[in-house]
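S.K.: Residue strings, one per chain:
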Amino acid sequence: AQSVAQPEDQVNVAEGNPLTVKCTYSVSGNPYLFWYVQYPNRGLQFLLKYITGDNLVKGSYGFEAEFNKSQTSFHLKKPSALVSDSALYFCAVRDISGGYQKVTFGIGTKLQVIP
Amino acid sequence: GAGVSQSPRYKVAKRGQDVALRCDPISGHVSLFWYQQALGQGPEFLTYFQNEAQLDKSGLPSDRFFAERPEGSVSTLKIQRTQQEDSAVYLCASSLKNTGELFFGEGSRLTVL
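Heads up: the sequence lines are chains A and B, in that order. Under the numbering used here, the final residue of the first sequence carries the number 115; numbering is consecutive throughout. Under the numbering used here, the final residue of the second sequence carries the number 1113; numbering is consecutive throughout.
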């Protein structure tokens, strides 16, 4: 079984400050890891993914995430938050062992950037 | 079109009615997924197609839910005898290949009265 935990329901950060949205995962094999963002009444938009290689992955809108195998974490980060970053963020995992295709999402973390 | 297209965007049904939700994936995308997103929750997996083959339907909550993709492109999610607990946003996503990210449509919001 595969699962994702996002321990924070909401993260508040002042505009211009660095932000971190936490994610930990559980898989039996090797993971593919993803971050998505959702704006109100919209579908999910892809931000970035980790497949293999460098543990630090860079994505859209200045976001990056660090894969940490020993801590089974994939935290989303941005050096300087913008008010427009305020949205719902979802971490997701796919266990690639045995060709399994299902992508499992976390419950989401609401990011509020305060002007 | 350039993205995943879902219709209708909004559907109100009376309890007991049947509904059909359509998904038109990105052209050439082999994989197609359906997810259910309840208010304040993350997307929950329903079913997965690779071309026309439904390879995983483990997430379908009951036998009232049925999905098909007969020609390996457009997919339809059908819910029979709708219940209030079926109220949710139904998201469709497609993917080019096994390692690829999912591209989501904007969802179909179903409200069952």
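Possibly wrong hints are sitting among the right ones.
Unchecked claim - Cut-off 25 Å, straight-line C-alpha distance, at most; resulting in silico cross-link-like pairs (BS3-like, lysine-lysine):
#, chain 1, residue 1, chain 2, residue 2
1, B, K1097, A, K58
2, A, K69, A, K49
3, A, K102, B, K1014
4, B, K1014, A, K49
These are computed hints drawn from the structure, not numbers from a lab.
S.K.: Against this structure, judge whether each hint is valid.
M.R.: Hints, one by one, checked against the model:
1. K1097/B / K58/A: Answer holds: K1097/B to K58/A is near 21 Å, not above 25 Å.
2. K69/A / K49/A: This hinted pair holds, its Cα atoms lying about 15 Å apart.
3. K102/A / K1014/B: 32 Å, violated
4. K1014/B / K49/A: 40 Å, violated
Violated hints, listed in ascending order, are 3, 4; each of the other numbered hints is respected by the structure.
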